[in-house]
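Protein chains: 4
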Amino acid sequence: MIVVMKQGATDAQIDHVIERIEQLGLRSHVSRGQFRTIIGAIGDKQPAHQQILEALAGVERVVPIMKPFKLASREFHAENSVVEVAGVRFGGPEISIIAGPCAVENAEMMERIGRAVAAGGAVMLRGGAFKPRTSPYDFQGLGEDGLKLLRAAGDRLGLPVVSEVLAAADVELVGRYVDMFQVGARNMQNFQLLKEIGQAGKPVLLKRGFAATIREYLMSAEYVLSRGNHNVVLCERGIKSFETEVRFTLDVSAVPVIKEYSHLPVLVDPSHAAGRRQLVPALALAGIAAGADGIIVEVHDRPEEALCDGPQALLPEDFRQLVDRIGRLAAALGRGLSRPSSQQPE
Amino acid sequence: MIVVMKQGATDAQIDHVIERIEQLGLRSHVSRGQFRTIIGAIGDKQPAHQQILEALAGVERVVPIMKPFKLASREFHAENSVVEVAGVRFGGPEISIIAGPCAVENAEMMERIGRAVAAGGAVMLRGGAFKPRTSPYDFQGLGEDGLKLLRAAGDRLGLPVVSEVLAAADVELVGRYVDMFQVGARNMQNFQLLKEIGQAGKPVLLKRGFAATIREYLMSAEYVLSRGNHNVVLCERGIKSFETEVRFTLDVSAVPVIKEYSHLPVLVDPSHAAGRRQLVPALALAGIAAGADGIIVEVHDRPEEALCDGPQALLPEDFRQLVDRIGRLAAALGRGLSRPSSQQPE
Amino acid sequence: MIVVMKQGATDAQIDHVIERIEQLGLRSHVSRGQFRTIIGAIGDKQPAHQQILEALAGVERVVPIMKPFKLASREFHAENSVVEVAGVRFGGPEISIIAGPCAVENAEMMERIGRAVAAGGAVMLRGGAFKPRTSPYDFQGLGEDGLKLLRAAGDRLGLPVVSEVLAAADVELVGRYVDMFQVGARNMQNFQLLKEIGQAGKPVLLKRGFAATIREYLMSAEYVLSRGNHNVVLCERGIKSFETEVRFTLDVSAVPVIKEYSHLPVLVDPSHAAGRRQLVPALALAGIAAGADGIIVEVHDRPEEALCDGPQALLPEDFRQLVDRIGRLAAALGRGLSRPSSQQPE
Amino acid sequence: MIVVMKQGATDAQIDHVIERIEQLGLRSHVSRGQFRTIIGAIGDKQPAHQQILEALAGVERVVPIMKPFKLASREFHAENSVVEVAGVRFGGPEISIIAGPCAVENAEMMERIGRAVAAGGAVMLRGGAFKPRTSPYDFQGLGEDGLKLLRAAGDRLGLPVVSEVLAAADVELVGRYVDMFQVGARNMQNFQLLKEIGQAGKPVLLKRGFAATIREYLMSAEYVLSRGNHNVVLCERGIKSFETEVRFTLDVSAVPVIKEYSHLPVLVDPSHAAGRRQLVPALALAGIAAGADGIIVEVHDRPEEALCDGPQALLPEDFRQLVDRIGRLAAALGRGLSRPSSQQPE
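Those protein sequence lines, which keep their order, are chains Z, X, Y and V. Counting in this note's numbering, the first sequence runs from 1 upward without gaps. Counting in this note's numbering, the second sequence runs from 347 upward without gaps. Counting in this note's numbering, the third sequence runs from 693 upward without gaps. Counting in this note's numbering, the fourth sequence runs from 1039 upward without gaps.
Calculated directly from the structure, the hints in this document are not laboratory data. Model, not experiment: these values are computed from the prediction. Do not take every clue at face value.
What the hints assert, rightly or not - Below 27 Å or equal to it, Euclidean Cα-Cα: the simulated DSSO-like pairs (lysine-lysine) are:
(1) X:Lys-413 - Y:Lys-840
(2) V:Lys-1233 - Y:Lys-840
(3) Z:Lys-6 - Z:Lys-67
(4) Y:Lys-759 - X:Lys-352
As the list claims (entries may be wrong) - Some chain Y residues well away from chain Z (every beta-carbon gap over 10 Å; in silico):
(5) His-769
(6) Gly-920
(7) Gln-970
As the list claims (entries may be wrong) - Stretches of chain Y that chain V covers, calculated by requiring three or more beta carbons in the stretch to come under 8 Å of a beta carbon on chain V:
(8) 823-830
(9) 902-910
(10) 1008-1019
Yeah, the Cβ is synthetic: ideal placement off N, Cα and C, and Gly gets one too.
Model the full structure from these sequences, guided by the hints.
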C-alpha cells in the first residue's frame, strides 16, 4: 500500500502513520516530495489494513498496490484453469454451450426443450427451479419438483445440468440434483451462500453482479476458492447503465480483463443482457470473439407461454443457427465447439 | 398495459394479441394510428402479463401503466405510514436518528460508543454482528455473541437496537435479540430473506440496493408487505455511478420520489454513501432537507482501531454537532427531533 | 403519444388535455380504465408536444410511441445505407479499417506510422490535429499544420484521411484537408457543429457521446441528416460506467440496436474504450462479431514518445495481426475485409 | 506519480522507467517489495507524464499523487473565492438565487416572469436565447433577439442576467448582452469555448457535464482560470445514472467534495436534475443543506405553453414558497439569503 499524506500533514501525523504501519507487521518506506509525503507500507496481506490507515489523521488516501484477490489471480495460478463438469470442460480451447429454458415449468416442456437444445448443440442443460423474481406476484419456480424434472431431462438426454441456488440453506438440496450450481447476479455478494458452496464440492457457475466491479467479482470468486472449491466458472451477464434499450449492458471488456487478472474460465450470458431475443445472437458472438469460453443462453419453443422471460428466449431454430455461427467463429479464432460428453443416459 | 405493435404488423398478429389479452382475462381496446396500431389491455393485475405480450410476434414493446407495487403504493394507502419500534417512531413529523459502530467488536466498545451516541441524540443503537464483507479475508462479525453485546448495550442505555440479518435461516436467531431487522443493500433482492422477514413480525429497515431502481426497491418492500409485515422503513444509502470521489452516490432524489409513490418512511445513510467522514454531515443534512424521516449513521471513537469502515465513522463529538445541526434544520422545516423513548433500562 | 392521467384526475383535467391535444392538430382517443384514464394523441410529429402535455395538470406522464428520429430510422430507409469516402465504403458487406496515431506530431512520424498501417491493412488514415484534452496543460494538437501533414501522408500512401473538427467555425478549414470529418464523443451534442457539418457536403464519422443513450445519439445524427448531409457513419466508442478497469465500457449491444433502428453504418473504436493496448484486440473482434461495419483504431510505433494516448496505441505488428484476425472472423461471418481503394498517390 | 511495475518486471524494464523519469526532469525513488517494484516520480507537473510512463514495457499502472488541477484547487487558494456579478455575490455567506424561464420566448413573457421571480426573491435573471436541444425539430431559441429581450427585462427589474453561450464564435455576441455567461452541461468539455471564455473578462456559470467526474469538471474550470478569468461559478445539475424516475440524478455529494478540493463557489440546478416540478423543491433544499452557495431554477407561469421544459418549471407561487423555505433553512445553517443588488433600473 501507498499512504498519501495530506499537504501540510504534520511530522507527528507522519510518525504516527509509520508507527501504525509497523504495528500491523509491515515495513514502512518514506518519501518526502515537495508538496506531499508518501509512505509505502510493504508486506501488506490484509484488505483491512487499508481502512485502518485511511482512518488516521493527516492521511489523504491509501492506494493499494496488490490486487485484493489471491487464489483467483493469475499471479497465483498462471495457466488457464479448466473446470470439468461431468465430462464438459470450461476454460480449455473448446467453446461450451449451456442452454435451456429460464424456468422448469413441467416435465413435458423440459423434455421437449431439452431435446431441442441437445440437437442444436448444447452440452449442458439449464433450467431454474428456484427463481429470484423482482415481483412477489410472479412465478417463483417449482422448487425441488423442478430440480427433479431438470435432472430427469438431463439424464435422458445425457446432458449434465445446472440450476440456480438462492440460499445457503438450499445448497445441500440443490446439490442432490445438479451437476453444477448457479449463483445468480443478485446473489454474487450473498457471502453465506458463497461460503457454503465453497464447501459443497461441486462446480459453480458464478454470475457477475450487475453492479459489481471486476475486482468485487473476483473477490466473490475468492470466497468460494478460499473454502477449497476450485471449480469456479465466471459469467458476464450485463451491468446496469443509463442505456434503456437493453435490459443490461453486456460488459464485453470484462472478458479480456478477467482473462488478464485471473485463470478462471469465463462465459457470457447474452439472454439476460439483451432482454430481447433479436439482440441475443450478436451479443453471444461478441462475447466469444472477446475470448469467452462459452455461453449460457435461454431457449423456449413457445415463448408466449413461458412463465418467465419469454421475450428473451431464443427459438430452437434460432439457437441451432447461432451455435452454427459460433462454431464458424470459433474455428476462425483457432478454437472449436465442445461436443456433448460421452456420458450416457441412465 | 399498452401494447405497441411494430410498424407493418399484420392483421393476424394484431388479432392474435387481442385474443391473448382476452385469454389473460383482460379487456382490449384497439387504436389504429397512421403508422402503428396500439392495443390497450385493461384490468391488468400481474406483472407477468407484460412479458407474455412482449413475447408475441409483431409486438414492438409493452408499456405498463400501473405501477408494479400495490401495498407499498400511496394509491393503496394515502397517508404516511408511521412505523414504531419499541417506542421510536419513523414516518411521523419527528426526525429519528440511529447511530452506532459499523460492527460490534467487544462489550467495552459497544458500551462506550453506545453511551456516546445516546448522549449525542441517537434514539436507536446500531451495530453489525453478521457483516457482509467484500473480501473473505476481512472481519466477518461476531455472530450471535455480537448480538448479545448489542442487546446488552441497548438495554443498559434504554435504546432499541437494529442489526443486519444476512440469510433467511438467521431470521429467527437475529430476531431474538433485535428490535428491528436490517436488510442490507446486497440483500435487497434476496427474496427468500424478504419472505422470511415478511413473516417474522418485527419491523425491518430495508436498505436500497446500490444498483436498484426505485421501482425495484419498492417491489422488494412489497415482498415484505405482502407476507403481512407492514413495518417497513426504507433507506437510501447511495448508488453506483461513474464518480469515484465517493464510495456510492447518494441519490437524494430518491427521497421525494419514494414519498410521492409510497407511504413508507424513508431514512438516509450518509456513511456508506460518503465512505469518508468529512462528507457525512453534508449528506446527512441534504437527506433531511430532501424530506427524509431520519438517518442511520456510523460512529466510532477510535476509528483507526475499528475492525470495519473506520474511515467513514463520525467521531462522537462530530456526531453531537451533526445532531444539533439536524435539529435546527428540522425546526426550520417545521419538524423536530425524535427524543429517546421512555423505555427504561432493565 | 399516450397521455396517462393520474389516478383521481378530474373530468375537467381530462377535458383540458383533450382540448390541448386537438389544439396541437392531433386527434385524441380516450380509454377509461378502472383506475386511470389514458388518452391517445394520434398524429404527433413534434417532440415538443410531449413536454406540452406533460406540463398539464392531472397528467402523470406521457409515453411517446414514435421514435424521435425520422431520417435516421429504418422506417424511413429500410436498406442499409452505404457511405462512400473517396473509394472506401462503409455499411456494405466489407469490413473497413481506419487506423493511425492519436495525434499528428510531425511529418516524419505521420509518414512512418501511415506506411505501417497501410501495410497492415488500413484503408483510411486517421490523425488528430485539433485535440480535445481534459487538461489545459496537455498537448492540444498542431492545428492546420497537422492537417497538412495528415493530408500529405494520406496522399502519398493513397489513403483517404479523417480528422476531428471541434467547432462549427473550423468546419470550412478542416474540410479543406480531410475526406471525412470526425465529430468526437464530447461534441456529439454540439448542435451548432452538427448543423454546420450538415451543410458541409462531406462525410462525417459521428462518435457516440460517452453518456448518450442510443436515442440521443440517433437524434444527433438526425441533426446532420436533416441539413441534407446523408453521409453519416456512426461509431460506438464506450460509455461511462462504474467499472474502473477500462477507460470506458464498450457498449457492444449498441451495434445490433443501432442496426435494428437505423440504416446508417456503425463502427467501433476499441482504443478509447479500452484505454490499454492489451484489451484493444478483444474489443475490436467483439465489435465486428456484433455486426459493426469496421473499426477505427489507434496505432503508434513508439508509444512511450506519443504526445497523446500512448498506452492505448497498438504497435504496428499488433495491428497487422489484429487485421489478420478480423479478416478471418469476417470471413466466418460471411463478410470480407475492405481493400485499399484504387486511388493512386498524387 | 507512483509507477507500479508488473510482477516479474525485469531489471532492464525498471532501469528504463527510471531513465525515462529522469529525462522528464523528475526525480525517481525506487522501492522494491516482495512481489513488486514501485518507483516514485517526484516533481511531476504535467498530466502528460502519466501516459508516457504508462506506455512503457513492464509498467502495470501509474498512480497520480497530485490532483491534476492547480488554479482551481484549495491548495492554490485556501479561502473560498467570492465571485461578484454586477453586485450579486456567489461564494460568500449568502445564498444567491437565479431564476427565470428555460427559454426567452417573447418580450411580454420575459417581463411577466421576470417580475414574478424578482418579487419571489431571485437576485439574477436567467433565460435561454441559444438552446441546445436534443432534437433538431425542437425550438432552438431566439438567438440575439432573445438576448435583447433578456437584457431589457433585467434592466427594467434591476437584475443582472445570465444566458447560455454555445460556441466560441458566439462569446463576443453573447457577452454584449449578459452579465454572466452560462456554459451548459453538454459544453463542459467544449474546450475552445472554455478558452474563449477564459479571455472574455466576464464571469461564467460553468455547469457540470452529466457524465463528468468531479476531477474532469475541475479540469474544465482550470481551462477558464488558466486563461486569466478567475470568475468561475460551478453548478451541479445532475448526472446520468441507471435510475429513470428523474431526468438526471442530482449528485449532492459533489457539493462537499468540490468545497473540499476547490475554492470556487458551487450552485445546484434542481430543475434539470428533477425534470418534474414536484421534485424541484426537495432537490433545491438538499443542495443548500449540502453546502451549495445558491441555486439556479426554472420558473414559468404558463408551463403548458412553454416552448421548452415546461414540466420542470416551478410556478411563481411555488418559487416564492421555495425561496421562503430556503431562507429559513439558510438561517438555521448560519447563512442568509442574498438580497437584490442596489443596482437601479435604467
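Margin query: Let me make sure I understand: some of the numbered hints might not hold for this structure. Which ones are they, in numerical order?
Written below: Violated hints (numbers, rising): 1, 7, 10; every other hint is consistent with the structure.
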